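Each chain is listed here by its residues.
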Amino acid sequence: MSLYILSKEKLPAFVQALQAGFRVVGPVRTPTGFAFEDITQADQLQLDYNTTILPPKKYFLPQRETLFKFHTENGSDNPRTVDVEPVFQDVQPTVIFGVHTCDMNGIMLYDKVFSEGFRDEHYMLRREKMYIVGIECLHPCDEASFCKDMGTLTAPPIYDLHMTEVDDDYLIDTGSEKGERLLLNYSEAKMATTDHMQRLGRVLSAKWPRFRMRLKMSKDQTPSLLTLGYGAHIWEELGERCLACGSCTNVCPTCFCFDVQDELEITMQDGQRVRVWDSCQLHEFALVAGGHNFRASKASRVRHRLMRKGKYIKQVHGLTGCTGCGRCERACLVDITIPGTLNALHDEMKVESGV
Amino acid sequence: MIPNLTTTTTPRAYNGHTSIYLPTIATIEDVHDETALEKIYTIRLPGGQNLGHTPGQFVMVSIPGVGEAPISVMSSPSRTGQTFKLCIRNAGDLTGIIHKLKPGDKVGIRGPFGRGFPVDHYRGRDVLIAAGGLGLAPARSLIDEILDNRANFGRLIILYGARSPAEILFRDALAEWAEREDVESLITVDRPDEAWLGHVGVITRLFEHIQVNPYHTVAVTVGPPVMYRFVVMELLGKGLTPEQIWMSFERRMKCGVGKCGHCQVNHRYSCQDGPAWTYAEALAFEEAL
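Which chain is which? The protein sequence lines are B and R, in order.
Residue numbers for the first sequence follow our numbering, beginning at 27 and rising by one.
Residue numbers for the second sequence follow our numbering, beginning at 23 and rising by one.
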């Protein structure tokens with residue numbers, strides 16, 4: 027793939043031209059912060075945003091999605107005839123501008139989760155319509171981010187285009203052929219020269235020291251730390267603080283758990299089965315028939331979330347379960363943070379082992 | 023990289039696409055009242071397609087408009103031709119509606135899912151099955167599979183604990199097993215009535231009545247979570263190792279296909295890597311029991 031250059035003043039024309047054939051979304055300013063929303067005018071796009079409330083996961087796994095429709099001739103409690111038909115959400119080809127590298131890592135995990143094992147075509151069909159246009163992060167979003175610790179400050183190879191602001195230009199790397207076609211067909215981008223590459227190198231090497239590390243251990247040590255710390259005291263403390271509101275999982279770019287619900291029309295004959303985002307932080311999540319709850323305490327649920335982020339997802343899918351985006355920390359009303367938890371666990375284990 | 027998977031009911035394509043969440047609409051051929059709480063359903067997939075399951079696997083059963091839940095398959099592969107059987111307890115909204123269904127009614131089926139009991143591994147060995155309550159339904163699948171291939175296995179020991187005589191499942195089968203010389207079966211109830219002459223107490227009380235050769239025995243236990251801890255103690259006390267003990271971990275599967283997260287036991291999904299695990303595997307889980 028190749029490196030291109032597009033002057034900043036030519037970006038609005040690119041965004042405007044895409045309107046002809048694509049839904050264009052990207053970070054915009056809202057009264058409550060930045061959010062990924064539809065871009066109809068190029069000047070809405072805020073590529074110098076810090077973070078968004080929700081990650082772009084909402085375009086890949088909508089908060090609510092119909093899986094199939096059904097029709098029962100005599101109603102659900104007398105199902106003599108039942109017809110079912112799957113619903114595959116008909117999405118327009120969508121260009122997502124301004125995806126940070128942390129969020130790209132989240133999407134990369136989703137791609138594995140929904141393509142491996144039983145292939146989820148509801149996800150995959152939508153995924154094929156998505157164009158990811160990344161933006162290189164040159165400054166930390168805020169105090170809550172710890173992407174550098176999690177190794178997500180580098181763009182993973184899932185983008186179609188990836189833009190880096192270099193003086194008055196964007197240097198744009200093409201990650202896929204469809205991304206390159208998009209760029210060449212809808213913008214005035216030109217091949218980058220050796221000089222541009224040198225400038226890009228200077229910008230990238232200058233950015234690295236601006237990001238601080240927050241963890242007392244490396245990300246590769248978090249699985250063993252969590253294994254050792256399964257019975258640590260900190261979980262009880264966190265369980266007492268946690269409100270079990272589920273905000274942390276809602277805003278998380280790697281959370282993909284869902285509930286499945288049936289919705290019936292007033293006729294009692296037609297309806298649909300939907301999936302909606304769910305949260306392992308809610309009391310009912312691990313409840314089974316007969317009333318046994320495998321994670322009845324908040325302490326066990328907080329621990330489960332941390333275990334998933336720092337260990338389980340890596341064990342199952344081989345990718346980091348936490349992107350260090352900091353959204354859960356910003357959303358938490360009682361100041362439960364992933365770096366704070368891992369560091370406290372690290373300290374507790376250190377005292378315990380006498381090291 | 024997890025390899026790509028399909029299952030028997032992976033449905034036909036719509037415009038070239040299939041949905042792993044779409045149930046296959048199956049027909050209830052027969053409904054049999056088993057106890058006051060449980061009914062046995064004989065279910066036929068379209069065209070009489072064989073379910074193709076192994077003992078210990080489950081299917082997702084749904085009534086569109088009400089919901090979907092995991093149910094263990096009761097019939098053994100050896101007794102599954104064009105139909106299969108499920109033993110369903112009336113325990114909630116969905117199973118309450120299912121209990122009102124009659125022959126000819128339709129239910130949605132997806133599956134079979136999960137990893138069942140490794141029957142081939144049990145060949146040539148003595149098999150001890152300890153089932154509690156409704157756990158006898160998934161155990162039945164394994165028991166019938168062994169009975170129908172009786173020469174391939176050593177002793178078959180069945181321990182069954184029910185809460186009360188009225189809640190005893192599969193009375194006909196229990197009577198048959200009691201008659202057979204190649205089956206050793208013992209039943210106990212927690213709360214006897216006046217007519218009860220058999221063993222009284224929890225299932226662990228039965229272990230004092232049996233002796234096993236630990237070198238030749240595998241054990242399978244299926245029942246409510248609270249039972250496992252005590253049954254495992256007994257089995258270890260008989261000299262079995264954790265590798266010789268299998269157990270089924272029921273969780274509230276919402277998708278059956280390893281996506282929704284509900285059945286997660288530490289890093290494993292019960293609907294994919296389970297529900298049957300050895301105790302040795304379960305020891306590595308912190309929150310299994």
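No lab work stands behind these hints, which were simulated from the structure alone.
This one's a predicted model, so the numbers in the text were calculated from it and none came from an experiment.
It cannot be assumed that every hint is accurate.
The calculated PhoX-like cross-link candidates involving lysine-lysine, where the alpha carbons are at most 25 Å apart (straight line), are [stated by the list, open to error]: (1) B:Lys245 / B:Lys95; (2) R:Lys124 / B:Lys95; (3) B:Lys155 / B:Lys138; (4) B:Lys95 / R:Lys122; (5) B:Lys95 / B:Lys174; (6) B:Lys138 / B:Lys204.
Verification of the supplied hints:
1. Simply put, Lys245 (chain B) and Lys95 (chain B) have alpha-carbon atoms about 43 Å apart, too far for the 25 Å limit, and the pair is violated.
2. Among the hinted pairs, Lys124 (chain R) with Lys95 (chain B) is consistent with the structure: their alpha-carbon atoms are about 24 Å apart, no more than 25 Å.
3. Proximity of Lys155 (chain B) to Lys138 (chain B) is assessed by CA-CA distance (about 17 Å); at most 25 Å being required, the pair is judged to hold.
4. Straight-line distance between C-alpha atoms of Lys95 (chain B) and Lys122 (chain R) comes to about 23 Å, which keeps the hinted pair within the 25 Å bound.
5. Of the pairs offered as hints, the one joining Lys95 (chain B) and Lys174 (chain B) is violated, with about 44 Å between alpha carbons and a cut-off of 25 Å exceeded.
6. A threshold of 25 Å between alpha carbons decides the hint, and for Lys138 (chain B) with Lys204 (chain B) the separation of about 20 Å falls inside it, so the pair holds.
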